[in-house]
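Student: We have chain A; now place chain B onto it with these hints.
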Amino acid sequence: MGRAWRWLGKVELSLWLLLGLSADLTAGFWCMRGAEHLFRPLGRVGLWQWLQTYGLSNFSRTWWLMLALGLIAMLAINTLVCTCQRLGPWWRSRGGGGLMWWLRLGPQVMHVGFVVVLAGQLVSFGAGVEVSNLILRKGLEATLPRGERIRLLRLEPGFYEGNRLKALMGQAINPRATVEICSEGGQETRVCIGLCSPGCWGPYCLHIKRFGPRSRSLQGPSYVNLMIRTDPGVGIFLLGMGIFWLGLGAYMLELVLRVGTGRRKGQ
Amino acid sequence: MKTATLALVLVLAWALPAPGAEFMAFGPFTIHKLAHGSYRITDALGREILLVPRNRSLPPEARICPVVRTPITRVAISGGRDTSLLMVLGEMDKLVAVTGKPDGWVLEPVRQGLASGRIVSVGQGHNLDYEQLARVKPQVFFTWDEAAIPMLERLGITVVITYADTARDLETQLNMALLMGVFFGKEAEARARAYIQRVKAAAARMRALSAAARRRPRVIWGDIYEKRVMVEPGNSWAAQLVKLAGGRYLFDDIRGTS
Numbered sequence: 002m003g004r005a006w007r008w009l010g011k012v013e014l015s016l017w018l019l020l021g022l023s024a025d026l027t028a029g030f031w032c033m034r035g036a037e038h039l040f041r042p043l044g045r046v047g048l049w050q051w052l053q054t055y056g057l058s059n060f061s062r063t064w065w066l067m068l069a070l071g072l073i074a075m076l077a078i079n080t081l082v083c084t085c086q087r088l089g090p091w092w093r094s095r096g097g098g099g100l101m102w103w104l105r106l107g108p109q110v111m112h113v114g115f116v117v118v119l120a121g122q123l124v125s126f127g128a129g130v131e132v133s134n135l136i137l138r139k140g141l142e143a144t145l146p147r148g149e150r151i152r153l154l155r156l157e158p159g160f161y162e163g164n165r166l167k168a169l170m171g172q173a174i175n176p177r178a179t180v181e182i183c184s185e186g187g188q189e190t191r192v193c194i195g196l197c198s199p200g201c202w203g204p205y206c207l208h209i210k211r212f213g214p215r216s217r218s219l220q221g222p223s224y225v226n227l228m229i230r231t232d233p234g235v236g237i238f239l240l241g242m243g244i245f246w247l248g249l250g251a252y253m254l255e256l257v258l259r260v261g262t263g264r265r266k267g268q
Numbered sequence: 010m011k012t013a014t015l016a017l018v019l020v021l022a023w024a025l026p027a028p029g030a031e032f033m034a035f036g037p038f039t040i041h042k043l044a045h046g047s048y049r050i051t052d053a054l055g056r057e058i059l060l061v062p063r064n065r066s067l068p069p070e071a072r073i074c075p076v077v078r079t080p081i082t083r084v085a086i087s088g089g090r091d092t093s094l095l096m097v098l099g100e101m102d103k104l105v106a107v108t109g110k111p112d113g114w115v116l117e118p119v120r121q122g123l124a125s126g127r128i129v130s131v132g133q134g135h136n137l138d139y140e141q142l143a144r145v146k147p148q149v150f151f152t153w154d155e156a157a158i159p160m161l162e163r164l165g166i167t168v169v170i171t172y173a174d175t176a177r178d179l180e181t182q183l184n185m186a187l188l189m190g191v192f193f194g195k196e197a198e199a200r201a202r203a204y205i206q207r208v209k210a211a212a213a214r215m216r217a218l219s220a221a222a223r224r225r226p227r228v229i230w231g232d233i234y235e236k237r238v239m240v241e242p243g244n245s246w247a248a249q250l251v252k253l254a255g256g257r258y259l260f261d262d263i264r265g266t267s
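Chains A and B, in that order, give the protein sequences. Residue 2 is where the first sequence starts when you use this note's numbering, and the numbers rise one by one after that. Residue 10 is where the second sequence starts when you use this note's numbering, and the numbers rise one by one after that.
Since the hints were derived computationally from the structure, they do not count as laboratory data.
Covered by chain B, per the in silico footprint, the following chain A stretches (three or more residues, Cβ under 8 Å):
no.	stretch
1	31-45
2	136-145
3	221-227
Not everything, but these chain A residues come out facing chain B in the computed CB check (under 10 Å):
no.	residue
4	54
5	57
6	58
7	210
By construction, the Cβ of each residue, glycine as well, lies at the ideal position given by its N, Cα and C atoms.
Isolated chain A (complex conformation) (with noise of 0.2 Å):
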């Protein structure tokens, strides 16, 4: 057992893992091509239940991710342990404490903020997506996965305008959406969402997914088809940034104070 932990927290296994991730996920691009149906619906299911079925049904082109989800929760575990292994000198060397002990702890606060992160990726990874196909035209209402009323007041297609780019003349390329919500207490809020800057309401983020008419030329009523995630893995991953960065604060302070005392030791 005590060999097994020191091998979990070797940095050659961390170096080892890094390459075999490279090399898998090169194996990957190759894997991936002509197969990109088999990936997309990554976005709209959770990670379980794609491992279930296009994973598994279509091994010999997913193998690479079942691989490098398996390298990446080694090397959370690399880290984790490697942590731990540094947490002992480190508390035997105390002494008197000060502020330059507490901040020799900042490559560890670094790893911790580092799998934290990759928690909140997974957490984000299997859960998240609440309606993946929510389809609203003017005048008719929808609802939400916990009974809010939703409606579509308008869709500005944001048609291209110039000259200079012949494919995109008379071609939608910034729709902007206002949908009202009307809470179970009645209270009705308007929530603006665009292509690339998704609404945000409640538990819920709104994300525009298709829309139409995407062009001047087609005629057809207003609808815009939009994807509702509740994400629970971002304030996981938020804080796992925090924590990276209070670690590689730490690291950097002790960096610039070491070479301020290595220099007036040295005059």
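Tutor: Chain B only, in chain A's frame:
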């Protein structure tokens, strides 16, 4: 090292799910065979629809997915390409509504049905006649128009979107027969599988015959309108057929939608 490797293998073996029931993915569509003759299909938008035999109770997923009781007896279809698959499945008598003008149809059973009134035309493009649809009450509407979903769902009609952002390749086009077949029951499903095998065998023969061709003509496949020409991209089934027959598809380097 050995202990750690064994630990990793055990973790992965526990974490990875056991191979599930039959699951097929082709283009954006999927067919997932569930227990007791039920299916979960995914349409071109990624919308999941549950197909449950009439004599079976609804599974838990029915709370969040539209449910269609199979075999269906009334269907509406938009477009000749998917309507022609009903001939393969032997279920043309289940067709109750189509889009487009009656004189625009070339499929003889559809022309006869429109003439006799057994099949109705429910408009075309974005101008669907919802009153006609409400009158003929199809259980399922296979259509390309996602904008029609909110209105059709209010009429109690389940919509299957058949148009994706990527052109159908040959594999996807063939398996559309199976996707439609599972709506009509076991016999239609079996006919779809037989059809797929026949076409694949014919494609293999074509490939063998054209391998020795000395001349490879350049071909395009498209529609010519007054001010534009719209062609199939290189990833489409039309381009693949041209290549199978020994031709060179002129737009082979273009990827896109139909």
